[in-house]
Amino acid sequence: MNILHFHPSNNGPSISFILFLTLPTHHHSLLLYHSSFPFYSSSSSFHVSSTSTFTPTTSPLIIKQGKEALTLITWKSSLHTQSQSFLSSWSGVSPCNHWFGVTCHKSGSVSSLNLENCGLRGTLHNLDFFSLPNLLTLNLSNNSFYGTIPIHIGNLSKLITILDLGFNNFNGIIPHQVGLLTSLSFLVLASNHLREIGLLRSLNDLELSTNNLSGPIPPSIGNLRNLTTFGPIPPSIGNLRNLTTLYLHRNELSGSIPQEIGLLRSLNDLALSTNNLSGPIPPSMGNLRNLTYLYLFKNELSGSIPQEIGLLRSLIELDLSDNNLTGSIPTSIGNLVNLMHLYLSHNNLFGSIPQKIELLRTLNNLELSNHILSGLIPHSIGNLSNLITLFLQGNKLSGFIPSEIGLLRSLKDLDLSNNNLIGSIPTSIGNLSNLVTLFVHSNMLNGSIPQDIHLLSSLSVLALSNNNLSGIIPHSLGKLGSLTTLYLRNNSLSGSIPYSIGNLSKLNTLDLHSNQLFGSIPREVGFLRSLFALDFSNNKLTGSIPTSIGNLVNLTTLRISKNQLSGSIPQEVGWLKSLDKLDLSDNKITGSIPASIGNLGNLTVLYLSDNKINGSIPPEMRHLTRLRSLELSENHLTGQLPHEICLGGVLENFTAEGNHLTGSIPKSLRNCTSLFRVRLERNQLAGNITEDFGIYPNLLFIDLSYNKLYGELSHKWGQCNSLTSLKISNNNISGMIPHQLGEATKLEQLDLSSNHLVGEIPKELGMLKSLFNLVIDNNKLSGNIPLELGNLSDLVHLNLASNHLSGPIPQQVRNFRKLLSLNLSNNKFGESIPAEIGNVITLESLDLCQNMLTGEIPQQLGELQSLETLNLSHNNLSGTIPPTFDDLRGLTSINISYNQLEGPLPNLKAFRDAPFEALRNNKGLCGNITGLEACNTAKRRGTNFFF
Amino acid sequence: MSFWGSSVLDRAGVQTEDPISEYSLIWTVHSSGPGSHTVHNPPLPLRVHCRICPPLQGLFLSLQMESSTSVLCFLLPILLSLTSTLSTNSEGNALHALRSRLSDPTNVLQSWDPTLVNPCTWFHVTCDSNNRVIRLDLGNSNISGSLGPELGQLQHLQYLELYRNNFEGKIPKELGNLKNLISMDFYDNKFEGKIPKSIAKLKSLRFLRLNNNKLTGSIPRELATLSNLKVFDVSNNNLCGTIPVDGPFANFPMESFQNNRFSGPELQGLVPYDFGC
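Quick note, the sequences are listed as chains A and B, same order. Per our numbering, the very first residue in the first sequence carries number 5; after that it's consecutive. Per our numbering, the very first residue in the second sequence carries number 332; after that it's consecutive.
Just so you know, these hints were derived from the structure itself, not from any lab. These figures come from a predicted structure and were not determined experimentally. For glycine and all other residues, C-beta sits at the position ideal for the given N, C-alpha and C. Be a bit skeptical, because a hint or two may be false.
What the hints assert, rightly or not - Derived CB-CB ranges, DEER-like:
| no. | chain 1 | residue 1 | chain 2 | residue 2 | range |
| --- | --- | --- | --- | --- | --- |
| 1 | B | S460 | A | G763 | 46 to 52 Å |
| 2 | A | H383 | B | S421 | 36 to 42 Å |
| 3 | B | K501 | A | Q904 | 35 to 41 Å |
| 4 | B | S460 | A | S437 | 41 to 47 Å |
| 5 | B | N438 | A | S437 | 53 to 59 Å |
| 6 | A | S258 | B | S421 | 47 to 53 Å |
| 7 | B | D459 | A | P701 | 43 to 49 Å |
Said to hold, decoys possible - As a list, the in silico DSS-like pairs of lysine-lysine whose alpha-carbon atoms are at most 27 Å apart:
| no. | chain 1 | residue 1 | chain 2 | residue 2 |
| --- | --- | --- | --- | --- |
| 8 | B | K532 | B | K521 |
| 9 | A | K581 | A | K592 |
| 10 | A | K483 | A | K400 |
| 11 | B | K504 | B | K528 |
| 12 | B | K545 | B | K504 |
| 13 | A | K913 | B | K532 |
| 14 | A | K720 | A | K616 |
| 15 | B | K534 | A | K913 |
| 16 | B | K545 | A | K913 |
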């Protein structure tokens with residue numbers, strides 16, 4: 005007798021059990037599993053039918069009855085109030101007299117208590133089992149009993165055969181005393197919160213061996229002959245040599261599978277799947293000659309598949325998938341001639357697919373996916389003519405797809421994806437008229453899509469993506485009327501999109517991304533009313549977007565970016581009310597944005613950038629309150645940005661740079677705390693930004709450069725804790741640089757150049773340790789360079805040019821160990837050039853021109869091995885050019901004009917090739933250059949190049 | 332931040348982001364269990380397994396259920412795996428591929444967001460006005476890892492500054508494709524292997540500093556054809572053979588060659604240049 009139990013258990017770490025022992029027949033089942041099946045099969049009929057019922061009669065043993073009544077009433081009174089009222093029939097002294105759920109023995113003693121599914125709530129602690137000496141059945145299943153199973157459960161009658169406490173909320177361990185109930189034939193403890201741990205530790209006691217079945221499988225479970233010889237378990241149960249079914253799946257069993265499992269020679273079905281079992285598959289399993297079903301999947305079994313598996317000639321189904329098995333597939337697998345289902349997927353098997361697999365002629369399902377199998381797909385696979393499913397994906401299989409695959413006429417699902425297969429798709433694939441899914445994506449297939457593909461009339465999914473397929477998309481593809489999904493992305497398909505594609509009325513996904521398709525988008529696409537997602541991006545499509553696209557009302561994703569589409573955006577796009585993502589970027593689209601776009605209230609992503617869209621942004625865009633990403637950049641848009649652009653408060657990415665937008669910063673941006681990235685540079689935005697911006701905790705990047713913004717910088721920028729890049733150059737910003745900016749410590753780029761900023765450079769900028777670009781040139785900043793800037797050791801570009809800065813160039817410049825360019829030109833810096841600049845050996849460009857620097861050029865500048873451009877012009881530098889300059893071999897451009905320099909020029913091409921304008925107006929430079937005097941050779945050491 | 336889901340395949344096979352949340356979710360339900368054996372007691376465990384399906388970049392959830400041989404295959408393309416549109420952004424792809432090789436403990440590469448339309452706003456990457464990468468400045472950045480062939484795709488690169496890091500492995504020969512390169516500064520790293528001959532194709536090269544690495548082999552003679560080469564330093568490596576004397580090598584100071592295993596200046600016609608290697 006076999007009974008099914010499915011136990012819903014949603015209680016996290018709790019473990020549910022069914023212990024199920026049956027006596028009467030030759031086929032015994034031992035079940036102990038945890039499951040989350042959402043239904044409960046008809047075990048209740050068993051409970052009822054197996055309970056012997058006897059008409060209660062008047063008993064001479066009234067005293068005994070009275071004691072039993074008292075026992076039950078005592079227990080009843082311990083239950084929750086509602087439960088007590090449910091058991092209102094429990095009153096008086098004769099439980100046999102129509103007490104609900106109570107059945108009595110002829111003798112008048114209670115023989116059965118059946119309270120299944122009564123909504124009772126309470127514990128068992130007040131139920132005196134000792135006082136129910138003739139109880140044969142106790143069924144409390146499917147109630148809300150809680151607490152531990154009391155150890156005095158051992159006081160139950162030694163004759164009790166049925167104990168069902170399943171589907172309650174019992175917790176704790178299963179008491180050993182259950183083992184005293186030696187007549188039990190049916191024990192259900194399933195679906196409680198019982199913890200098995202404590203139990204397992206004591207499992208040396210064979211009386212508890214039924215409990216041994218949870219937790220790690222102890223070797224004793226396989227030691228079935230011993231079990232039969234011990235007392236408390238009836239011999240016919242314990243004679244587990246006759247066990248035909250052992251299901252322990254979906255528990256949390258750990259440890260390895262004991263060798264002794266091989267002693268269960270009567271086993272037909274063995275399911276240890278979905279546990280945490282580790283270690284190897286014991287070769288002793290080869291003894292289980294009667295095994296028809298072997299499920300070990302979803303464990304952590306390692307080692308190789310033992311050759312002995314080939315001894316299990318009765319096997320119908322073998323599932324070892326989702327383990328850590330290694331090694332090759334044993335050739336002995338060819339012996340399993342009755343096998344219908346072979347699942348070995350998701351292991352680490354290597355080697356090739358054994359030729360002998362062709363012997364498995366009855367095979368329906370063959371899954372060898374996700375390994376590192378290599379070699380060819382054997383031609384002999386064509387012999388497996390009963391195959392319905394063939395999964396070989398995710399391996400390293402190479403070579404061609406054998407044309408014999410066309411012999412597998414029963415095949416419904418074929419997945420060869422993610423291998424290294426080459427060659428073309430065999431035309432014989434057209435024979436697979438039952439095929440429902442065909443996945444051959446992510447290989448290195450070339451050639452064209454076979455014409456005969458249209459013969460696959462049942463085909464629902466066709467995935468050919470990520471290959472090197474060329475040629476056209478066959479017109480005949482339109483005959484695949486069952487097709488729901490077509491993935492052809494990332495190939496080299498050319499030609500136009502066949503209009504026949506409009507016949508694929510069930511199509512919900514059409515992905516032609518990244519091919520070489522040209523021509524226009526056929527208007528027949530508008531017939532694909534089931535379409536959810538359409539991606540034609542990155543092709544060479546021309547013409548305009550067909551208005552028929554407005555029929556695709558189920559579309560959630562429409563992507564036609566990176567083509568050469570022209571014409572305007574059809575206003576019918578506004579009918580696509582389900583649309584979530586719309587990407588038309590990088591085309592040649594003209595015209596204006598249709599106002600109907602405001603109907604797309606579900607839109608989260610809208611990309612229209614890199615087109616030639618003109619006109620103004622329709623105010624209806626304010627209805628797009630779910631927009632997370634809006635890209636309008638690099639178009640010809642005019643007019644204002646809609647003030648309500650962030651009305652929904654979810655806008656993260658907003659780019660509209662490179663347009664002709666006017667007006668002010670949208671008002672709604674101020675409180676748009678979701679902002680992450682904003683680019684509005686290169687427009688004609690005007691207005692006072694002093695109060696336009698708030699605090700954006702997520703903002704990473706903002707660029708407002710090249711506009712006509714005025715007002716002052718908000719101190720709130722300092723509170724944008726994520727900000728890495730702040731660029732507001734080339735505007736009309738006035739006022740001071742707020743010292744609070746020093747609090748935006750993530751800042752890496754700060755560009756405030758070409759504004760009207762006044763005041764000193766705040767010393768707090770020295771706290772921006774991550775700063776690598778500090779560009780504040782072309783303002784009206786005054787005062788000295790704060791020495792704190794010397795802390796910015798990551799600076800790469802420092803540009804303070806064209807301000808009113810004064811004082812000396814600080815020696816701290818030596819700290820800039822990454823500096824590539826230093827521009828201090830056009831200020832009022834005085835004193836001499838600090839020798840410490842020579843420490844900045846990374847420097848490529850040094851511009852100190854138009855200052856009031858005096859003294860000699862420090863010889864340490866000769867250390868600047870990377871220096872390419874040097875401008876010291878328009879200062880008061882005197883003396884000779886240091887001879888160390890001969891080492892500046894990388895110099896390409898110099899200007900030392902308008903100083904008081906004298907003496908010979910360095911022996912460098914940059915000086916030799918310099919125009920006179922770069923050298924003029926010095927005190928006495930000499931060299932072989934037009935406009936300069938030739939040098940007196942005595943003035944210069946060694947050989948002089950010029951003579 | 333990605334709004335389309337990030338691309339796996341557009342980027343030289345570099346897998347990024349969370350494949351489940353980003354990609355289309357496709358569920359297939361197909362049979363397993365005891366197959367057509369209808370009353371198989373007790374029923375076989377529900378088997379759920381997932382596989383990522385890169386072209387779809389989808390999540391397949393296969394529910395293997397009892398007593399159903401027919402394959403129910405329904406697909407819910409909740410999102411097309413709309414990768415960010417970078418398939419034509421080969422430079423961004425190349426840089427992203429580079430990033431995937433590197434270890435970046437100080438998050439210097441944090442701004443390298445592959446979903447952006449080009450890499451021009453990435454920090455330490457500089458583009459020209461046509462949005463082509465001309466500089467890569469990663470000197471002094473605590474980066475480790477190796478370079479790959481993808482760097483060769485940065486056709487407009489002028490400055491490749493990787494000095495003072497922990498780069499290791501070989502210098503890819505594909506760097507010879509960087510026809511516009513002016514400066515290649517790899518000094519103070521752990522590069523090993525030979526100096527690729529292909530560097531001699533970089534006719535604009537002015538700075539070539541490979542000093543303080545673990546380079547072996549000889550100086551490729553072809554480098555003597557680099558007439559623009561002004562600064563050359565291979566000191567502190569494990570190079571061997573003789574030192575070229577032709578072309579720009581006539582002007583390089585001896586310090587540029589010290590601490591190697593060179594057998595001296597080349598004696599043309601007398602000793603093969605890789606003598607002693």
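- request: Mind checking the alpha carbons of K545 (chain B) and K504 (chain B) for me, to see if they're no more than 27 Å apart?
  value: holds (17 Å)
Restraint check for K581 (chain A) with K592 (chain A), where alpha carbons must lie at most 27 Å apart: holds (25 Å)
field: H383 (chain A) paired with S421 (chain B), Cβ distance criterion 36 to 42 Å
entry: holds (39 Å)
message: 47 to 53 Å was suggested as the range; check whether the CB atoms of S258 (chain A) and S421 (chain B) agree with it.
response: holds (49 Å)
message: Hint check: K504 (chain B) vs K528 (chain B), CA-CA at most 27 Å. Holds or violated?
response: holds (7 Å)
- request: Starting from K534 (chain B), check that the Cα of K913 (chain A) is at most 27 Å away, please.
  value: holds (18 Å)
query: Should the hint that N438 (chain B) and S437 (chain A) are 53 to 59 Å apart at their CB atoms be regarded as holding?
result: holds (56 Å)
message: Against the range 35 to 41 Å, how does the distance between the Cβ atoms of K501 (chain B) and Q904 (chain A) compare: consistent or not?
response: violated (52 Å)
message: So if I understand the rule, the pair passes when the alpha-carbon distance is 27 Å or less; does K913 (chain A) with K532 (chain B) pass?
response: Holds. K913 (chain A) to K532 (chain B) sits at ~23 Å (cutoff 27 Å).
query: Would the pair K720 (chain A) and K616 (chain A) pass a check requiring their Cα atoms to be no farther apart than 27 Å?
result: violated (36 Å)
task: Check the following: the C-beta atoms of S460 (chain B) and S437 (chain A) are separated by a distance inside 41 to 47 Å.
output: Given range 41 to 47 Å: violated, Cβ gap about 58 Å.
field: Holds or violated: K532 (chain B) to K521 (chain B), with C-alpha atoms at most 27 Å apart
entry: Within the cut-off at roughly 24 Å; holds.
Against the hints set out earlier in the document, violations occur for numbers 1, 3, 4, 7, 10, 14, 16.
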